[in-house]
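Let's have the full structure, built from the sequences with the hints guiding it.
Number of protein chains: 2
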Amino acid sequence: MTDEFYLLQPPRFSEEQLEFLIHNAKDYQITHGSLLKLVRAEEEHSVPTRPVGVSLVPSQFPRKCFEQGVRIQGIYNELYAKVASDEAWLAQALKDYIRDDPFTSILWEIYLESKRTNFSHRRISLGVFRSDYMIHLHKEQTSATHATRVDAELKQVEFNAFSCAGGTHANIVANMHQHLHKIGAYRTTFGNIDTSSSSLPPNDGINGIVRGLVSAHHAYYASNRNAPTRTGVLFIVQGRNFNICDERPLEYALWDQNTPIPAYRLIFGPDVIEQTSIGPSGELLFNSPTCPFSPLEISVVYMRAGYELEEYDDVGCAARLRLEGSRAVKCPSILSHITTFKKVQQELTKAGALERFIDESKCKDIRSTFAPLYPLDKSEQGLIGRKLALNPDTAGNHVLKPSLEGGGHNIYGRDIPNFLAETPEEIWHTFVLMEIIRSPTQSGMLMSPRGLYEGPVLSELGVLGTSLWSEGSEFEIMENDYVGWTFKSKAEDVNEMSVVKGYGCFDSPWLVDVP
Amino acid sequence: MTDEFYLLQPPRFSEEQLEFLIHNAKDYQITHGSLLKLVRAEEEHSVPTRPVGVSLVPSQFPRKCFEQGVRIQGIYNELYAKVASDEAWLAQALKDYIRDDPFTSILWEIYLESKRTNFSHRRISLGVFRSDYMIHLHKEQTSATHATRVDAELKQVEFNAFSCAGGTHANIVANMHQHLHKIGAYRTTFGNIDTSSSSLPPNDGINGIVRGLVSAHHAYYASNRNAPTRTGVLFIVQGRNFNICDERPLEYALWDQNTPIPAYRLIFGPDVIEQTSIGPSGELLFNSPTCPFSPLEISVVYMRAGYELEEYDDVGCAARLRLEGSRAVKCPSILSHITTFKKVQQELTKAGALERFIDESKCKDIRSTFAPLYPLDKSEQGLIGRKLALNPDTAGNHVLKPSLEGGGHNIYGRDIPNFLAETPEEIWHTFVLMEIIRSPTQSGMLMSPRGLYEGPVLSELGVLGTSLWSEGSEFEIMENDYVGWTFKSKAEDVNEMSVVKGYGCFDSPWLVDVP
Chain Z
1 MTDEFYLLQP PRFSEEQLEF LIHNAKDYQI THGSLLKLVR AEEEHSVPTR PVGVSLVPSQ
61 FPRKCFEQGV RIQGIYNELY AKVASDEAWL AQALKDYIRD DPFTSILWEI YLESKRTNFS
121 HRRISLGVFR SDYMIHLHKE QTSATHATRV DAELKQVEFN AFSCAGGTHA NIVANMHQHL
181 HKIGAYRTTF GNIDTSSSSL PPNDGINGIV RGLVSAHHAY YASNRNAPTR TGVLFIVQGR
241 NFNICDERPL EYALWDQNTP IPAYRLIFGP DVIEQTSIGP SGELLFNSPT CPFSPLEISV
301 VYMRAGYELE EYDDVGCAAR LRLEGSRAVK CPSILSHITT FKKVQQELTK AGALERFIDE
361 SKCKDIRSTF APLYPLDKSE QGLIGRKLAL NPDTAGNHVL KPSLEGGGHN IYGRDIPNFL
421 AETPEEIWHT FVLMEIIRSP TQSGMLMSPR GLYEGPVLSE LGVLGTSLWS EGSEFEIMEN
481 DYVGWTFKSK AEDVNEMSVV KGYGCFDSPW LVDVP
Chain R
1 MTDEFYLLQP PRFSEEQLEF LIHNAKDYQI THGSLLKLVR AEEEHSVPTR PVGVSLVPSQ
61 FPRKCFEQGV RIQGIYNELY AKVASDEAWL AQALKDYIRD DPFTSILWEI YLESKRTNFS
121 HRRISLGVFR SDYMIHLHKE QTSATHATRV DAELKQVEFN AFSCAGGTHA NIVANMHQHL
181 HKIGAYRTTF GNIDTSSSSL PPNDGINGIV RGLVSAHHAY YASNRNAPTR TGVLFIVQGR
241 NFNICDERPL EYALWDQNTP IPAYRLIFGP DVIEQTSIGP SGELLFNSPT CPFSPLEISV
301 VYMRAGYELE EYDDVGCAAR LRLEGSRAVK CPSILSHITT FKKVQQELTK AGALERFIDE
361 SKCKDIRSTF APLYPLDKSE QGLIGRKLAL NPDTAGNHVL KPSLEGGGHN IYGRDIPNFL
421 AETPEEIWHT FVLMEIIRSP TQSGMLMSPR GLYEGPVLSE LGVLGTSLWS EGSEFEIMEN
481 DYVGWTFKSK AEDVNEMSVV KGYGCFDSPW LVDVP
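Sequence order for the protein chains is Z and R. Counting from 1, position 187 in the first sequence corresponds to residue 187 in full-length UniProt numbering; the numbering is continuous, with no gaps. Counting from 1, position 310 in the second sequence corresponds to residue 310 in full-length UniProt numbering; the numbering is continuous, with no gaps.
For the record, the hints were derived by calculation from the structure and aren't laboratory data. Be careful, since some hints might not be right.
The list treats identical chains as interchangeable, and a pair is accepted whether it falls inside one copy or across any two copies.
Stated by the list, open to error - Derived SDA-like pairs: lysine to any residue, alpha-carbon spacing no greater than 25 Å straight-line:
1) K182 <-> G208
2) K501 <-> V39
3) K501 <-> E42
4) K501 <-> S46
5) K387 <-> P402
6) K350 <-> G396
And the structure:
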């Protein structure tokens, strides 16, 4: 069922127009690395790929909401940089998890251990953040006429502070939609509606993320005057990676700087132990048999792995400690990493929480994007949350999420009471309850390795930001930027936004002015 | 067996270095469209691809020969522009073919027919040329010491004037080798040999070819003052195309001009008849249901199809006539097309032939790249050719090639006498006999869908050039440029350089100073 919120007609294509569109989209993807690597079919000498899932037509999105997300990203960057620098607040907010949850306790332990190493120097951290939103339709009856007024509100789904993916894919697909628009693939569809390029916002996410890495690289020099002329950025990655096309362009862009910045990849785990060492001043050294600059002093560690508990066996823990304990700028640090847990998101919705970190004037902008969030512990808020979750009528308006990062394990609406009935009460506190975001659907067309889909779709906007800050004698934010966006759509009846599984499709927002 | 001509040691990699190199090469290819489309496995919603064959390590090539090829490309451009404008000379050179060979006679007939349409306007033609060379080792004993002196000479394999492929792939693979060099993948291999980037010549082939198309586009305006503001370039292509990655980037670059130049694709054959028409002044109009600018006046027709006899059924002939008879700039015209036949190459080796077209001072430069070529007809030269071909001893030093364009049907060395014995003498004249180019082999490493190959390889350099000229009241060359190169290597024991079959691998010349 398609909502009637959006005013534009759904796209209508003749068979020839659709064929033209598909043909052009596939060829664009092939020629621009908009692909998924089929790692299971990889051979030494070759590897097959397929186009990543995309929306064939940009999906409508309220212009004011998009602009709001862009405008407040600087505040979110500041907020999370400050939260990540507030050990005491995090220790309090996550105390149950540090005690009971294996992943949180491992990370916290590594953090504490890393503090025991020599931290005399100023600590610099880089955050590459992505704040994910959906549109919430807020309906209210005007008291005078009893007519229903509908307002579109930007509501945060989650905040990602670790290993944010999709920036490169989103950039390429944004360029693809601009190209398809330019060649006229959409002209005959939307008729006389404004299809100027201002409706398709530009996306410079690749360069934006890279500017963050470059700033961090230079900041490392500035704060380590003994650093050698050549230092480099180390990408910590997973071994068999479908999503290589999302990572590699960032490395290429570093190498392509006027003064090339060496960028190498290292698989999280044993390789980190074998191919790095810590120098006399805490510098991280990359000693790879394939790196001609070996030992290469590392300025920035960029994490694209290490986000799953399974990666933290003894060697994984030692690897993370090696990285965290070094002088290198971490993107992100462990304290930044744990800000990504949904428990932190929920703690920030508590009255007065934001005010600890940012000016009152900014709190309102941030708070307006919060959907109501409840813990399921035995606190006052937790008891409210439990009540909402256990009553099938109120549960229907909520989603139950594991408090730690990582999607795909959510429980929706009326399934929640049964789920809780089968779940020991002792671990209820590892979930948060979020009011469902009632996002408008629209008619869309998705193309992914799963097939072609035409029908109602739901979209999610991710706003990308970078923040570079230092701690030590004083806290200072050195850089704070909005850098681009991701935008994904999925069939309405699918709960997952997973790109690798072919459900989530990269898309562009077609900005429209709504009431 | 590897020749000992090249002075550098063959590359030696540790297992880790090789893995690093392969890994980086594959990822670079995936992210930069260095791919072949697996058209047989294409589905409506998806299409698998694989990396195109590449040489993992640039192959050595004498610097002086590379520079010679670049230097003389302007002369070759001029020569072929003039040959393509000399109907009388072509009619004489190809008279047997126009009479007997189905493909030549079809093209000639279309050309004559197109002349009957209104040709009052100045005719402008664009050539995108590729002159293919191999290194010939010329050995002579010095009379004084009886020592053998070896000299490397650049010898032309063939000259391509129609639908030259590989420019985009070569550009991307050149960039890949530069990148692999930058990240240090070759440093530990070649030791102290000069590995500055001057050894890896830049390749800007994509932009170069596009500059040619853009010049032709503007020249169309200049000579057709009534042309509408918006005209576009039409790519005439094959329907199911493995090699889409070689073509599409040229279109994108046209769209990405400051003032975008519309570029659309049209499949050679019935689609040309259905989706084009000729306007009142001979202008070619593109009337596609998917083109929002329809009818779009076409400034330049860029042919990437129509090079095989099989494409010229009645509809194919009508399609080519429609294009050729229009006002649009053809890339190439039919007369340019037929200059690509090897018979023309052989005719140009005749004494005095070059002097008809270009200054005497330039003839020497061109002639020095000719390998001895003979017809097998009953002319004086032809009788010499027959004698060489029929004697197994002299045949061993030759290769027999069909006189028309297209590789893969060559007969080599001692197989020639038997082949001729089984071939009716009446069609001997459809072959030319070329002295074998004795190219030095070197140790190489190739990676293609066929597998990894380590062993002796042979390389072929293609020099890309564009030429824009006009005919009418007077002949004028308006543009004449060297624009880039292609470089391919194959295993020594394979005769084919086919990229689609996985034999020919894109490579870069590693320029070395040889005696």
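Quick one: K350 to G396, C-alpha cut-off 25 Å, is that within a copy, between copies, both, or neither? Within one copy only: 23 Å inside a chain, 89 Å across chains, cut-off 25 Å.
Homo-oligomer pair classification [E42, K501; C-alpha up to 25 Å]: both (18 Å within a copy, 19 Å between copies)
State whether the alpha carbon distance between K387 and P402 is at most 25 Å within one copy, between copies, both, or neither. within (18 Å within a copy, 86 Å between copies)
25 Å Cα threshold - placement of S46 relative to K501: both (22 Å within a copy, 14 Å between copies)
At most 25 Å between alpha carbons: which applies to K182 and G208, within, between, both or neither? both (24 Å within a copy, 23 Å between copies)
For K501 vs V39, is the C-alpha pair at or below 25 Å within one copy, between two copies, both, or neither? So K501 and V39 pass the 25 Å test inside a copy (13 Å) and across (23 Å) alike.
Of the numbered hints stated above, none is contradicted by the structure.
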